[in-house]
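So the chains spell out like this:
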Amino acid sequence: MKKQFIYLFCILCYLATHGQEKFTVNGYVKDNRSGEKLLGVNIIVDNTYGTTTNDYGFYSIRLSKGTHQFEISYLGYKVIHKEIFVNSNTKTDFNLNEELAELDEIMISSNKPQKNIKSTEMSVVSLKGETIKKLPAILGEPDILKSLQLLPGVSSINEASSGFNVRGGSVDQNLILLDEATIYNASHLFGFFSVFNSDAIKNAKLYKGGIPSIYGGRLSSVLDIKQREGNVKKFGGNLGVGLISAKALIEGPILKGDKEEANGSYMLAGRRSYIDLFTFLTEDFKNSSLFFYDFNLKANYDINKNNRLFLSGYFGRDKFELEKLLGTIWGNTSASLRWTSVLNDKLFLQTSAIYSNYDYTLDNLRTGSEFRWKSNITSYNIKPRLSWYINNNNTLKTGIDVTYYNFKPGKISPLKGSSINAEKFSNKFGLENGVYADLKQNITNKLSVQYGLRWSNFSRLGKEEIRIYKTGKPLTYIPELDIYKENKVTETVTYKSQERIKTFNGIEPRASIRYLLNDNNSLKISYNKMYQYLHLISNTSSPTPLDVWSPSGRYLSPQYADQLALGYFTSFKEGKYDLNVETYYKKLEDVTDFIDGADLLFTEEIETQVAQGKGRAYGLEVQLNKNEGKFTGWLSYTLAKSETKVLGINNNAYYPSNTDQLHELNLVGFYKLNKRWDFGFNFIFGSGRPVTYPTGKYRQNGLVVGDYNNRNGNRLPVYHRLDLSATLNPKKGKRGKWIFSIVNAYNRKNAASIYFNEIGEINDVEIATGKTKATKLSFFGIVPSISYEFKF
Amino acid sequence: MKNISSALLILLLFIIFSSCETDVSNDITLAKSPLRLVIDGGLERNTVTPLSKQQIRLTTTTNFLSTTDQPFVNDAQVTISNGIDSWRFIHTNNGFYENSEIIPEIGKTYTITILWNGETYQGTDTLVQEAPKFDKFYYKYEEETTFSDAGYYIKFDTTDPPNIQNFYLYKLFKNGEFVIVPDPGNSDVLVVSDKFFDGKKRIGVYPNEDIFFKIGDIATAQQVSISETYYEYLKELFIQTGNVGTPIIGNPPPASIRGNLINLDNHTNRALGYFYAVDIEENTVTITEN
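Which chain is which? The protein sequence lines are A and B, in order.
Using our numbering, read the first sequence as starting at 1 and increasing by one per residue.
Using our numbering, read the second sequence as starting at 1001 and increasing by one per residue.
Hints are supplied without guarantee of correctness; some may be wrong.
Said to hold, decoys possible - For lysine-lysine, the following DSS-like pairs were computed, each having C-alpha atoms within a straight-line distance of at most 25 Å: (1) A/Lys-324 / B/Lys-1140; (2) B/Lys-1201 / A/Lys-411; (3) B/Lys-1201 / A/Lys-416; (4) A/Lys-416 / B/Lys-1195; (5) B/Lys-1235 / A/Lys-424; (6) A/Lys-374 / B/Lys-1195; (7) A/Lys-773 / B/Lys-1235; (8) A/Lys-488 / B/Lys-1235; (9) A/Lys-463 / A/Lys-411; (10) B/Lys-1133 / A/Lys-470; (11) A/Lys-485 / B/Lys-1108; (12) A/Lys-411 / B/Lys-1140; (13) A/Lys-78 / A/Lys-791; (14) A/Lys-463 / B/Lys-1195.
Said to hold, decoys possible - Which residues of chain B face chain A? A partial, calculated answer using Cβ under 7 Å: (15) Leu-1065; (16) Ile-1102; (17) Ile-1106; (18) Asn-1243.
Don't read these hints as lab results, they were simulated from the structure.
Idealized CB from N, CA, C, for every residue including glycine.
Next up, chain B with everything else stripped away, as it sits in the complex:
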């Protein structure tokens, strides 16, 4: 399901009969710029399917229109600490760093320290609170509409804990693989704050309005409890990755999205990405004919 901006865009294109989009990738030369360190990943507490190891990935940036793989970083020293204990994360392959001993705990604040290229980067996140359970987890066949395809959509009911601030991220997996669409709607659907439904039971929530399933697919959805700063980071991330160029709505001037890593040696050489610590509620269902 597309969101507001794409809907507006389509309609406007319809009004102004001959408006169009042209792929100009080949006409544009982007200026070269220095490579930045990027972190993708964090600590996940999952009591439904406990994880055997925790992992993060380190890469560098590359030219936006480049078609080659993201260059990864294999020579960094990575440590995560909770203020008392610390754990070394070891590079395995493709930029992935892993540790199988750390067990993330609710209420703890974790700090990652990365030493790379002679500079030290540090970032912190707090595993604020447990993710509420799904009250009901199901799927429903939906006919094609203007903005969505026909197929089985995952839905759930859940109750927000009253009188505390909660921030949620929703993740959907198809046959074990994480799936996401770079859609403008993500910033309204994949991350939500309980600002307007504190303490309420929510019914029929879609973890993702764009992804549908076929019979035989195995669908897994996660309700992830995240910190406020991670929520704000993701909100901005989803707004920018959903940019469809229309100046009518949802077209912020693009800007570098600031993560939570600080370069302790040279703060203008910023790192990108967010090191997170989250708690996950999860459920899985196999789509069958009802």
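This is chain A alone, in the form it adopts within the complex:
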């Protein structure tokens, strides 16, 4: 291991010192209107060298003495061509103008697909806040997680399930970062909406594969969301009112004085749903409450030319209460402080300190047994990273990533003097470390590679009492009964505070290779190994806000996955169209599943409720984009399979995962009719998701019970839906914008589930009838909506 690092270091030193006299040109690329820094901007010099701005809008390139042609291009912005004479290290900032801001221009064009073809990245999709807002949205609430599902390889189990699934992976296998802070649960309103306010989002990037070594901790994907930084030139904001929520955003410069551009800016956004304000309309829900709200904050300040500070935060809550039955409140809190520093013309250092928390309370309000249940997960994370722009052909990123976790699985306290005993489940502690190096290297004009290594390490720490089971394991599988039996606890061992209970190590190689066939065609291949030390344990088909995150430890092994992907990227008609085709194979080990009949809520010994097994997923993804003209959009198709195998489930054979879906087709289009009207639509067609039908019924304790044989052995009917939207942009000088949308335009009753049960009432009186039925549940029919936005 060590040897390899030394070897790598030697190569790097060689690369760093090798070469003729060159100078560094670096700086920031900014939006000309707001002064916000833009990330992922393409910078091509002399039609040969290329680089992109990093997450902070910073770029650095090494050039020989002389005159160079710069081409700066970015999706939705006008391309800049500039000639720069280089004879010393130079700092040059670029200001890009938004294309839409030019009212004379009708045509929308995105940047040429060169980046897709030339970058070593594959299995990556990115969406801008603006694109998300143009898509038709349920109840007019644009949603990043729903928008991502229009891309190949990304889906969700149904409209009301939290989170999203990437390439057949489960929801907890996605690392969701909001300005670097981990978001542990991304859903509002039980999954109908995500916690991300689209107004506050600048950009979102999803890695489905070929994940660089700077990221770690989840198996299937990384969703990296960046919040807007705010306008450094002037104060402004916008207000929005939709059917479900109202929102406001303000932004402006910090300590601007008389300068044109301040050294810092801020953005503050807030949103609250108000569906609960209408509950008085129905007698039934008079004393109920249901709402969510969230706040996003971002501020940045340039201490001097080379040092910047960023502060960002998120706070969101959902509240739901039914009189005398239950109440629940859940939400995320995150805060991150970052310092970025340009150390010299080649070195860029960023250091972040991050706090993340997810908690929920569940109140049982039943008379006589009122109690409150509280559970949370908190993490503290520090990650310094050094980027070294060695030369135009080599960029090295290296850093460490340290996270300390505190899990509070649960605390029960009686409410209203009920006879429930107060109880506290013991806290769990963990420390996760990652050390990584990632090198991007242009070997020849045609061949580029990006490779790296991440070493991850997880320790379960005290103070905790660990149960020791009779056979060494909490569960024993009994084939005769086809069940797991809980083993007896023989003793408990107490570990002192900070004492190591169990340690795991993971070596995670990552690599991607791009071979350019010609200017318009490239082939790519990538491999990544990922380790995941936290498990989201859920005993429902799709996750809920009440699911519990559990750390690996003595009885729960880390999950790990290997993924290999191959891709072909091409563009034609001078970049008007581009086409990506990717295929992948993913192997997962030690994925968790609960055992049949698991009871997870209020259970301290979580290890007695879960089993670990393996999974495999493979598929083909095709995406065709139309980038120019009045009509733009994409067509995507996914052919995929995802299976799981766990001892004790489905007769110990592979079964389709809940996320399995053979075909999925998405057609997304935007049409710009004229200066005022924009139209959008999406059409989704997917084969039916897995469902388990009963193989028999019998009676027990007065009820009809179903018997089942194969988990997920049947399929729901096919899913298809058309959504439409229209945007009426303001007239020149006006500021209001209307957005109309119709989701599920032809009112298809898509099945969210089909379930089988006993008919439970006769003539409005509840009673077991002995009669059985199959019921299809559909979440929504046609949903029209209207919303209004006002910019100031």
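Add chain B to chain A, keeping to what the hints say.
Structure of chain B alone, referenced to chain A:
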């Protein structure tokens, strides 16, 4: 009274205005599968109204959407033993097997042996401990709420014995007939463990939150002391029979519920159901106008 999941469901349906449930029983064809033996019943120790006989019922499974009666088994040999003595259970009618000599005792472990179709099935349960008495047994008129109808509801107070694990099942009878609703709330209400109220007096407990009575009805409620394995079995049973399809909460992927019968000859041909041994505390009241 509906529980969490149905409440959530209703509210969500309310949010997404046009969501709906459709009966698709006629559109679905279920695959044929082999019949399994099913046991329903066990031994009941009841010192309040001593039973003249003990009975269990044997049936087989049938297609889930079938509208015909459950096929019963009349040709099995059934024996129950406590390790020392054993009792033959004789088929009477409709799959019921009876014995009037066996007297269940606290602390004993009972094993049932069923010989049917050339295969032997065996299952065991322990009559762990006596069910605590009702400290107070009464009924109360309650107005209609979001999740319950107006009517008389049975309630009781009871004290859990300290420092021992207890598991309870609640049963309610209307005019002598057992009543139950396939409701998602059953898994929280009809079976409980004393994990969070060990040794405490509980006041105003509903034996069933869904069943209400009218004036003139005779109501009987039972507090049944059950073994931990039976508790776990029933918990899973109630979770699954209360499945209302909403993926939001309480929607476990359906799976065969494993009972306690083992097929000694061919363990993949599992039997279903649970053979239990329990103790019962019981009280009866006639609803009158107060």
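**Restraint status (C-alpha distance of A/Lys-463 to A/Lys-411 at most 25 Å)** = holds (17 Å)
**Message:** Can you confirm whether the C-alpha distance between A/Lys-773 and B/Lys-1235 stays at or below 25 Å?
**Reply:** holds (22 Å)
**Message:** Need the status of pair B/Lys-1235, A/Lys-424: alpha-carbon distance at most 25 Å?
**Reply:** holds (23 Å)
**Request:** Would you check the hint for A/Lys-78 and A/Lys-791, treating anything up to 25 Å between C-alpha atoms as holding?
**Result:** Holds. A/Lys-78 to A/Lys-791 sits at ~23 Å (cutoff 25 Å).
**Prompt:** Is A/Lys-374 within 25 Å of B/Lys-1195, Cα to Cα?
**Reply:** With Cα atoms ~17 Å apart, A/Lys-374 and B/Lys-1195 stay inside 25 Å; holds.
**Message:** With the threshold set at 25 Å, check whether the alpha-carbon distance from A/Lys-485 to B/Lys-1108 stays at or below it.
**Reply:** holds (22 Å)
**Request:** Below or equal to 25 Å on CA atoms is what counts here, so check B/Lys-1201 against A/Lys-411.
**Result:** holds (21 Å)
**Asked** Does B/Ile-1102 pass the interface hint, meaning its C-beta sits closer than 7 Å to a C-beta of chain A?
**Response** violated (21 Å)
**Message:** So if I understand the rule, the pair passes when the alpha-carbon distance is 25 Å or less; does A/Lys-411 with B/Lys-1140 pass?
**Reply:** At roughly 33 Å apart (the allowed maximum being 25 Å), B/Lys-1140 and A/Lys-411 break the hint.
**Item:** Holds or violated: A/Lys-463 to B/Lys-1195, with C-alpha atoms at most 25 Å apart
**Value:** holds (24 Å)
**25 Å limit on alpha-carbon distance, applied to hinted pair B/Lys-1133 and A/Lys-470** = Outside the cut-off at roughly 36 Å; violated.
**Prompt:** Between A/Lys-488 and B/Lys-1235, is the straight-line Cα distance small enough, at 25 Å or below?
**Reply:** Cα-Cα ~21 Å, so holds.
The structure fails hints 10, 12, 16 and 17 (numbered hints given earlier, in ascending order).
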